[in-house]
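Asks: Protein chains in written order, with this note's numbering: chain A, 30 to 293; chain B, 57 to 844.
One or more hints might be untrue.
As the list claims (entries may be wrong) - Below, computed lysine-lysine pairings styled on DSBU-like, alpha-carbon distance capped at 35 Å:
1) A:Lys205 - B:Lys577
2) A:Lys205 - B:Lys341
3) A:Lys205 - B:Lys784
4) B:Lys481 - A:Lys178
5) A:Lys199 - B:Lys784
6) B:Lys343 - B:Lys446
7) B:Lys501 - A:Lys205
8) A:Lys199 - B:Lys94
9) B:Lys86 - A:Lys199
10) B:Lys481 - B:Lys341
11) A:Lys178 - B:Lys94
12) A:Lys205 - B:Lys481
13) B:Lys446 - B:Lys501
14) B:Lys341 - B:Lys577
Worth flagging that the hints you see were computed from the coordinates, not collected in a lab. Note that the structure is a prediction, hence the values are computed from the model and not measured.
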Amino acid sequence: MAKTMFIDTTKCMACRGCEVACKNWNDLEADIQPFNGSYQTKEDFATQTYTVVKMTEVVNNGRVDWIFGKRQCMHCTEAACIMVCPKNAIKRSPQGAVWIDHDLCIGCGYCVQNCPFGVPKLDTVNHKSTKCNLCVSRIENGLTPMCAKTCPPGAIMFGERQDMEVAAHKRLAVVKRTHPNATIYGNEEAGGTVLYILTEDPSVYGLPPHGTQVPWQVKFWQNFARPIGNIALGGTLVLLLVAAWFNYVQKPKEPPVHVEGGVK
Amino acid sequence: MTNHYIDFKNTDCALIIGSNAAENHPMSFKWLTEAREKRGAKIIHVDPRYTRTSVLSDIYAPMRSGTDIAFIGGLIKYAIDNKLYQYDYLVNYTNASFLVHPEYGFSDGMFTGYDPKTRKYDRTTWAYQTDENGNYKRDMTLQDPNCVFQIMKRHYDRYDVDTVCKITGTPKDLYLKVAEAYCATGAPDKTGTILYAMGTTQHTVGTQNVRSYAILQLLLGNTGLPGGGVNALRGESNVQGSTDMGLLQHLYPGYLNSAVATPAYATLADYHRTETPKSGYWVNKPKFMVSMLKAFYGPNATPENEFGYQWLPKRDPNRNYEHIALFEAMYEGVIKGLFLWGQNPVVGGPNSGKEAKAMENLDWLVVVDLWEHESAAFWKRPGVNPANIKTEVFFLPACGSFEKEGSISNSGRWAQWRWQAIAPKGDSRADLEIIHQLRNKIVEKYKGSTDPKDEPVLKMWWDYGTGSHPDIDKVAKEINGYDLTTGKQLSSFGLLKDDGTTVCGVWIYCGQYTEEGNMLKRRNTVDPGGVGNYLQWSFAWPLNRRIIYNRCSADPYGQPWAEDKANIWWDEAQGSWVGYDVPDFGVTTSPFSAGGQNAYIMRPEGVGCLYSACNEGPLPEHYEPWETPTGNILSSVNLNPVVKLWDTPMNDKGDVSRFPYVCTTYRVSEHWQAGAMTRNLPWLAEVMPYMFAEIGEDLAAELGIENGQKVVVSSARGEIECYALVTKRMQAMVVNGKKVHHVGLPWHYGFQGIATGATANNLTPHIGDGNTMIPEYKAFLVNIRGVK
């Protein structure tokens with residue numbers, strides 16, 4: 030059975046233990062960025078950074094609030110990255126982890142261009158695409174991902190998809206008492222992704238709008254171009270070019286970047 | 057903590073004040089979150105800054121740094137005026153009914169008995185009234201004008217909401233929200249907990265800040281019950297253990313006062329006479345003291361030589377030995393040698409520029425640490441010429457916690473054993489090993505001496521093995537104590553004797569290592585009643601008790617105030633107290649017998665003290681910080697009248713005309729204390745790499761400072777350069793009709809390590825609390841300007 034992660038942003042205290050635990054398990058190097066005027070010292074994912082806690086200041090009804098949202102790969106049920114990868118280097122584990130096999134990855138960057146959530150980042154030195162792998166080596170062995178394991182207030186939960194959905198709906202009912210606009214994110218998006226409780230618009234967390242799906246041209250590539258391509262290499266080349274063109278003109282808009290203090 | 061971390065899950069309302077619990081004690085939120093989820097508990101955060109704790113709170117109320125007593129005083133008045141106090145608790149378990157000396161008085165910020173020459177109070181008029189037999193006089197109706205309740209009511213009558221908000225800068229609507237939510241815990245079936253930390257204590261009125269919380273908790277009947285209490289979130293994993301073990305200058309292990317070189321302490325008999333009260337559990341103090349001396353000096357301690365009492369060093373009554381005083385003495389050239397053992401004053405000390413300068417007067421310095429931190433490298437700090445510093449510096453590399461075995465005591469007094477995970481790197485050694493080897497070397501040097509002044513060294517009892525690696529098991533056993541007659545480990549400090557037949561290193565830890573083994577290693581997770589006490593997990597002092605003063609969890613008749621607040625209760629059939637915790641009371645003392653309601657057994661009066669003498673008075677009174685943006689509007693007395701003033705070089709006082717902003721220092725989740733433990737680790741350096749000054753958008757706009765630009769922050773002691781972090785989360789407050797801005801500075805940074813930055817403590821002053829002299833790190837004045 031597929032498992033998933035459920036991130037309750039209303040419990041997150043942005044201690045960023047998840048960021049450090051992630052680096053620890055995945056053996057990622059520290060990547061010190063220039064001062065950006067924010068507690069959120071890393072603005073986006075990077076080749077050495079698979080998870081980031083977004084910290085955004087908002088004003089609601091005249092009162093300041095600080096919104097936290099732990100972001101990482103969404104491990105989509107309909108994963109654009111898997112669909113577009115020409116080398117089948119991106120795989121889905123039986124537990125639901127979408128992970129990149131670096132032995133096969135050629136660093137073409139298709140997954141980077143096509144992810145609706147802006148997750149994979151290209152390591153241009155080693156020519157590999159990089160992203161959160163849901164700690165696939167841990168979950169294959171019955172352990173929880175490091176970020177969920179380390180989270181002190183239990184804002185990151187991990188379990189059977191069904192159980193997480195039930196937990197999210199239960200929690201939503203509670204959160205709605207204080208945040209009437211709270212929503213669940215990840216039920217419908219990209220065929221179902223990591224689940225979130227959000228109290229603000231998805232853009233505040235750097236997420237694309239509710240209902241975001243894999244672009245049709247990606248599905249087109251997956252369903253038609255590739256099977257045909259397997260028959261005729263020449264046809265593949267043509268279609269590759271067509272797909273590249275679509276990617277170029279239809280590239281999803283970058284989600285708005287919110288920076289603390291309103292100034293970058 | 058009176059309670060413990062897991063117990064937060066039992067609360068109905070948590071008041072977090074003087075603490076940034078989510079950032080600095082993240083685990084607290086595991087249990088606070090559970091309280092909110094399962095009980096619908098409210099979380100309140102009162103702080104000058106909107107922090108990660110405020111985010112997770114139901115109510116956030118801003119408060120100017122240094123005005124806790126005004127804030128809490130207002131809540132005390134609110135609870136009294138609206139009769140929200142827990143009446144049965146108040147009458148039976150506190151000194152509300154006790155009559156005070158008729159000449160006790162208070163006017164214009166001063167209690168009776170002050171001597172401006174000595175800056176001390178004579179406490180005669182603060183005493184209780186007693187009858188001819190020495191019994192305390194009480195008025196159980198609480199109507200007598202001299203009873204504590206009426207005195208307290210009069211005292212806080214001046215703390216009305218408008219006056220309070222004028223002092224604290226809290227918007228009135230938010231203040232009332234806090235008052236309503238928190239004072240609702242006065243209901244007998246509700247409990248509220250107060251979480252505090254250094255934001256409370258690091259003020260010239262730090263002790264009285266804590267006292268004000270205690271008063272509020274007693275008034276609302278919140279102490280001694282699950283989900284209640286006064287809970288200090290300790291800032292180091294083992295700082296509770298370190299104070300328990302006697303690391304403070306005025307205490308021996310187990311909170312026994314250390315002796316002073318005065319006639320009152322001339323002999324052991326004098327010590328007992330001076331230190332032992334006539335009633336309460338402390339009447340047993342001589343047993344604890346003699347057993348401790350037996351642990352110090354072993355067979356050398358005999359009844360004939362006062363069990364070695366004369367070998368103990370005595371404090372000079374005219375000298376102070378607190379941190380500030382030690383560095384002042386170093387600055388004067390009085391102290392010539394210094395051991396820094398897990399401490400980094402060049403980053404963490406108050407007025408750290410002066411402290412670094414003071415260290416230049418040392419002949420020698422020994423640093424025991426994991427890293428060569430700023431204090432170890434003080435002789436090559438920026439701006440000094442190493443050739444001019446003659447101090448000889450020794451660096452002893454210490455192990456990290458995973459490289460050694462031992463116990464640590466958490467904030468909730470749980471002492472837990474930690475096993476060694478990996479062998480130490482390089483030539484680093486465990487602290488215990490270092491002290492053991494050092495002791496052996498010193499004794500070797502003194503060997504054969506017949507000089508009486510060398511006796512304290514030569515008579516020391518050190519039975520931890522002969523090799524270079526001490527037997528930690530033996531240390532743990534000695535801390536617990538044993539009976540010399542039977543040779544058996546003791547199970548309770550109730551068995552200690554004052555005749556030299558029992559040995560016990562730290563009486564409050566008696567029971568940690570019994571004949572059944574090392575209790576600190578226990579890891580059983582049974583939890584009867586589901587209250588989270590886990591009595592078979594590790595050991596909590598005293599006597600494995602998880603909630604202290606827990607007689608209060610039962611009503612005067614011995615029954616729980618509410619089913620879900622049950623902790624211990626009286627079982628008439630068994631004739632004993634039973635329940636989910638170790639009773640903090642005579643197990644067979646019936647609630648109906650004499651003293652059956654004296655719930656506070658450590659106190660001579662047997663009850664909790666709303667009214668209790670500290671150096672600056674028996675009730676907390678609001679005074680302004682040493683450096684204040686405003687005058688005291690409650691009285692003409694601005695500063696706590698008993699604090700010691702350090703009128704010394706490099707410690708100038710700043711004035712609001714030159715330094716208009718209130719500055720407060722703090723920690724962030726990402727770093728640890730003075731930073732050596734985290735700024736040297738790439739993954740932690742990465743998540744908070746730079747020193748910054750946090751200011752509000754309003755102040756930034758006034759000064760034309762942009763987010764991310766460099767600024768200079770200055771105080772009367774010095775100036776530092778760092779980045780500006782401009783945020784919506786800090787906003788000006790209106791204090792006494794005037795706009796007051798705060799500047800926030802994390803104090804983690806220094807010039808060594810991977811993440812480096814200016815040291816906030818270059819700006820903080822040498823001034824401390826009136827009782828403990830803990831430095832006033834949390835409220836002082838600064839100016840700030842942008843630099844290109």
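Asks: Would you mind marking each hint as holding or not holding in the structure?
Replies: Against the structure, the hints:
1. Our distance criterion of 35 Å between C-alpha atoms is broken by lysine 205 of chain A and lysine 577 of chain B, whose separation comes to about 44 Å.
2. Our distance criterion of 35 Å between C-alpha atoms is broken by lysine 205 of chain A and lysine 341 of chain B, whose separation comes to about 56 Å.
3. With a C-alpha separation of about 25 Å, the suggested pairing of lysine 205 of chain A with lysine 784 of chain B holds against the 35 Å cut-off.
4. Distance restraint check for lysine 481 of chain B and lysine 178 of chain A: the Cα-Cα separation of roughly 28 Å lies within the 35 Å cut-off, and the hinted pair is therefore satisfied.
5. At most 35 Å may separate the alpha-carbon atoms for a hinted pair to count; lysine 199 of chain A and lysine 784 of chain B meet this at roughly 33 Å.
6. Between lysine 343 of chain B and lysine 446 of chain B the CA atoms are separated by roughly 48 Å; this puts the pair beyond 35 Å, and the hint is violated.
7. At most 35 Å may separate the alpha-carbon atoms for a hinted pair to count; lysine 501 of chain B and lysine 205 of chain A exceed this at roughly 72 Å.
8. Restraint check: the Cα-Cα separation between lysine 199 of chain A and lysine 94 of chain B comes to about 13 Å, which is no more than 35 Å; the hinted pair holds.
9. Restraint check for lysine 86 of chain B and lysine 199 of chain A: satisfied, since their Cα atoms lie roughly 19 Å apart, inside the 35 Å limit.
10. Between lysine 481 of chain B and lysine 341 of chain B the alpha-carbon distance is near 43 Å, which puts this suggested pair outside the 35 Å criterion.
11. For the hint pairing lysine 178 of chain A with lysine 94 of chain B, the CA-to-CA distance comes to about 22 Å; that is within 35 Å, so the pair holds.
12. At roughly 52 Å between alpha-carbon atoms, lysine 205 of chain A and lysine 481 of chain B are farther apart than 35 Å, so this suggested pair is violated.
13. Our distance criterion of 35 Å between C-alpha atoms is met by lysine 446 of chain B and lysine 501 of chain B, whose separation comes to about 25 Å.
14. With a C-alpha separation of about 29 Å, the suggested pair lysine 341 of chain B and lysine 577 of chain B falls inside the 35 Å cut-off, and the hint holds.
In summary, the numbered hints that this structure violates are 1, 2, 6, 7, 10, 12.
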